[in-house]
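Asker: The chain contents come next:
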Amino acid sequence: MSLATYILRRVLLIVPTLFGVSLLTFALSRIVPGDPARLAAGAQATPEMYEQIRREFGLDDPVPVQYWNYLSGLFQGDWGRSILSRRPVLEDLAVYWPATFELVLFAMLIAVLLGVPLGILAAVRADRPADQVSRIVALLGVSLPAFWLAILFQIFFGLRLGWLPVSGRLASLAEAPPTLTGLYTVDSLLSGQWATLGDSVRQLLLPAITLSFPAMATIMRFTRATLLETLGQDYVRTARAKGATERQVVTRHALRNALIPTVTMVGLSFGWAMGGSVLVETVFDWPGLGLYATKSALSLDFMPIMGIALLYGLVFSVINILVDVTYGALDPRVSRA
Amino acid sequence: MAFYTPRERHIADLHEAFRTESIDRRTFFKVAGAAAVASGLSHNAPTPTLAAPRRGLRAQPEANALVYGSPQDISNLDPHTGHDYSIAWGQKAVYDALLRYEGNPGELKPLLATEVVGSPDATTWTIKLADNATFHDGSAVTAEAVQYNFQRMLRKNLGVAWMFATVMDQDSIEVVDPTTLNINLLKPFAPYDAVLPWLFVANPTVVQEHDVDGDEGEAWLKENEAGGGPYTIARWELGSSYEFTRYPEYWFDPENGIKPIDTFVWRIIRESATKRIAMETGEVQYGDWLSPEDLEALAATGQFVANQTPSMTPFAIKLNNQVGPTSDINVRKALSHAFDYEAALEAVSGRGTIMEGPLATGLEPWHKKDLPVLRHDMEAAKAALAASAHPDGFEMDYVYVTGDTTEELFGLILLEKAGELGITVNMVPMVWPDMVATAVEAETAPDSMAVYSGSDYLDPDNFLWQAYHSSQAGFWAAASHYMNPTFDKLLEDARADTNQENRKALYDEAQLMLVNDAVEIWVYTEIPNEAWVPELTDPYTPVMGGDLRTFGYQ
Amino acid sequence: MSAEGAIPTLVRAAPEVSRRSFLGLGERQRRALRQFRQSPLSMVGLAIIGVLLAIAVAGPFFVPYPDDVSGALNIKERLEAPSAQHLFGTDQAGRDVFTRVIAGARVSLVAGLVVIVLAFTVGTLLGAIAGFFGGRLGEGIMRATDIFLTIPDLILAMAFAAALGPGLFNVMIAVSLVWWPGYCRLARANVVALRDSQFAEAAQSIGASRGRVLFTHILPNAFPTILVKASMDIGFAVLTTAALGFIGLGTQPPTPDWGVMIADGRNYLREAWWFSTFPGIAILLTVLAFNLLGDGLRDVMDPRARRRF
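Quick note, the sequences are listed as chains D, H and E, same order. Under the numbering used here, think of the first position of the first sequence as 11, with each following residue one higher. Under the numbering used here, think of the first position of the second sequence as 384, with each following residue one higher. Under the numbering used here, think of the first position of the third sequence as 530, with each following residue one higher.
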């Protein structure tokens, strides 16, 4: 099988998965006892106003017809409309997704930049106090309720130290960058708006650090484990026997191989961080998909939920393929063959 | 819990793939990186019009800018289909309505209309328009434009339409001359002038320009304006912040000597704790929905003024008057006596006024004094329950919005006190759409349900009609399903009479009737937990949504 | 954060094959137990869990203000700082936080356990079927897990919980619905590894039925790694129900729930830090304890994975 065929097969496999996702979320939206139409019709809606909404959103059709309409709409770029905001779901996703993507990307950047070196440190000092401390810190990282940590961060960094803003993507009166990618940091960089760039990075820091915590802990412990494993391998022992210093052994021989499985872990953490963003976005008012999902779920507005699930399904499937392919590209056992 | 890659299945294929095809690794990473960036989906939201470069606010408000922090989104700026508290702030900024409310308690003042006169039978209304009013494109606001807006609002039949739709149709609006309209109502409606601040007037030309498939600009107007109000939109960051700048050629002068704010930013900040930090660090000058503790702490610093004006918004525990134990008047009396009103007030740190009957005590002159309201009195509660069909108690649900800690506390107070009578209260948190849905039928409407009603126009008709007229039964504000033809008649008569004395007498009787029937547990009207910087003149209004024409920096 | 946070995804090492059921104590098991005892952190985890369980069972009978659990209020004493009377202070309704944290242990642990038991049972059963019988059914089951696993768990759980309506029972159902695929995959991977092993073939050759082979020979051997995951996940289940409580989909009051307490108390963090801090610590300890336990169990049950974490 060629690489192209492999990737193509994986990409094609996304289709049935997404079909399943749409079926699952659609089924979910039909078990809802509440009535979003009545809410959308407004506080004092007359019965006619209410009926009008039901017709408008096709809620009067039989359920299979509704699903068929939804499905055929998907292929024509019509992902349905939010019954509350009355905006097309696809438009909302286009606005909210870049915010979440930017946040998760930064969080992963922090997680990798801190997690990998600390993991190496822990491996080199295995079973010594530094390692035990890192173990505890890692466990704290995955055990702390993110929303609680977020509030503590806000009080400490936002208020006591006054270093970082606590809410939103940009300061209230900062200049917005032009919309190119939707990532404010990238857009302001590309258009040379340095003040805006600085501002958007400052706004990003607290939510990204909060979100990075569990991922960082996981990556750190994973790096440590794989490095320890490689340090026990024959070829590393050989290098030692040949008189290489411990430093040389770690950096030249073991590290590269040890980091390969970490790529997998980073990909997985990316997925977790997308889920975790729900809580972080709530506390830091980050206008992303997580908040959009929360708001929609609490209003039983299921068209957005279905769209969000599809988008996440797509993104996650793509990340999976990227991770697997990267893994293959890096793994010497594969490329050497 | 999260994701496993379907790796067991794919990894073998992958190795195979790499074996058969060598790949230049460097090229591969370039591609992978580009794909990752590309998946950041560029979006086609309108590029915001950029003002001159500015640095972010940090320590103090920039000259004449006001940043307002609120948990609520301005979800739909359309002048006719959008209608809630935050939307109203935005609508009032970019649109002019026929009339406006000013001061406290709100007083009707001219805006686009200089004069509104109703016939004595409250069915024909003549509206005179200002002759110098203009839209943002410089064109005049004509009677025809107003007619179009009335008709669009009625056609859309959403948002504010409920205030008009029962008394008007497409043919009710008659253009007399470019500055005069006659409105011929289908039924008499005495407080008609009081609802006119809710007819926002958009520029028909601009609306038609943005018509897509006959939607009369609905999609476009959600986040764009076609108005003539004091502000235009400078930036629209969906779900995050909305910036309005002063329209320099605004035609109207409220003649209150206040220098209007130049830049108004609506910023969405959900958590009270976050908002408080943003206020303390000078990023926000006006915050709403603060927790009482945060509000007190902010006021204590002297850097913020806490709002002291009560709203007109009643909070009541609606009792199902038709089905279940609460259909028994003695049960309702027992519950009304059992509820501890003082404790409820204390639970909101005293920020409110205990209600005496169905209308806010501050709704002058309509609120009837000396109503025989039922107060916390366990002996009386026991006596009432003993006289009911359920002397040994029963089980009932208390339905409230999930996550609303205040409504939860009120429920717990009911639970504790009713428990002493042998009544078991089940706390049932629900998401709001579920509550709205269960309230529809008397059979499914909860035994008790926590409801904050809205205040759209400062007339007893607003509060009494929406909550107790039998035609409204089933809408969430009328979750108690009160059915009383004599009462209905009183409200209808009051709608048909423009004489305030007569109306007052009718509403007095109506209030007495509701209290005697112990329709629901009227708890309190809140003093909204808002705070602003002391440099600001008092911005608070009991009508839904603030009006930037009425306040500014001193 | 997700349950897999602390467990490697790839089941690299299939558990060592043993004919003995994992509950019987052979020489290897005794050695394992010794090993477990020698790991101080694992013992700490076990000790904390022991205390938590004791509190969950007996706690409600010994709390200083038992009425505060069942709906008594004392609004006049709201948000009082920790003192001799109120060890952890009082909450927004004047209730004793210490009492409610103790009483909340039962709710939280039950929630965590129920979620894991449901997800474990359903997931392991389906995974075993998929792995052992394979075929279309197996493929179908695994495609279903793909679907669940491509949507972030919290978002899916939130959608389920909102659709079912708030309340602890619905939250538990929602989280289990979202978590079973994790167990399904793990169980399938283990069963596949064991299915073709010699002893399974041997059992079949002496005439054992396929079902019998699966349930008496393969599943018991597949259990250890799944149990390791389950033991860690209990803590994460507590954390996830707390997160849903934070969003507004938690327990029905007045029943105390740590997640809801943190959520209620978060806006008082600066005036009344005790209100959300003590339930926060309780959750932290619970998650930590189950993680440490899981760590220790893995070292014991899955020796090849030792030193990984």
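To be clear, the hints were calculated from the coordinates, so they are not data collected in a lab. Where hints are given, some of them may not hold.
[Claimed, not checked] Computed spacing ranges between beta-carbons, pair by pair:
#1 E/Q564 / D/A251: 28 to 38 Å
#2 E/E606 / H/E762: 22 to 32 Å
#3 E/K605 / H/P917: 25 to 35 Å
#4 E/R739 / D/T255: 53 to 63 Å
These numbers come from a predicted model, not from an experiment. Each residue gets a CB set at the ideal place from its N, CA and C atoms; glycine is no exception.
Asker: Please check whether E/E606 and H/E762 have a Cβ separation lying inside 22 to 32 Å.
Answerer: Given range 22 to 32 Å: holds, Cβ gap about 25 Å.
Asker: Honestly, do E/K605 and H/P917 meet the 25 to 35 Å range at C-beta?
Answerer: Since the Cβ atoms of E/K605 and H/P917 sit about 32 Å apart, the hinted range of 25 to 35 Å holds.
Asker: Is 53 to 63 Å respected by the C-beta to C-beta distance linking E/R739 and D/T255?
Answerer: Because 57 Å falls inside the window, the suggested range holds.
Asker: That 28 to 38 Å hint for E/Q564 and D/A251 (C-beta), does it hold up?
Answerer: 30 Å Cβ-Cβ, so the 28 to 38 Å window holds.
In terms of the numbered hints stated before, the structure departs from none.
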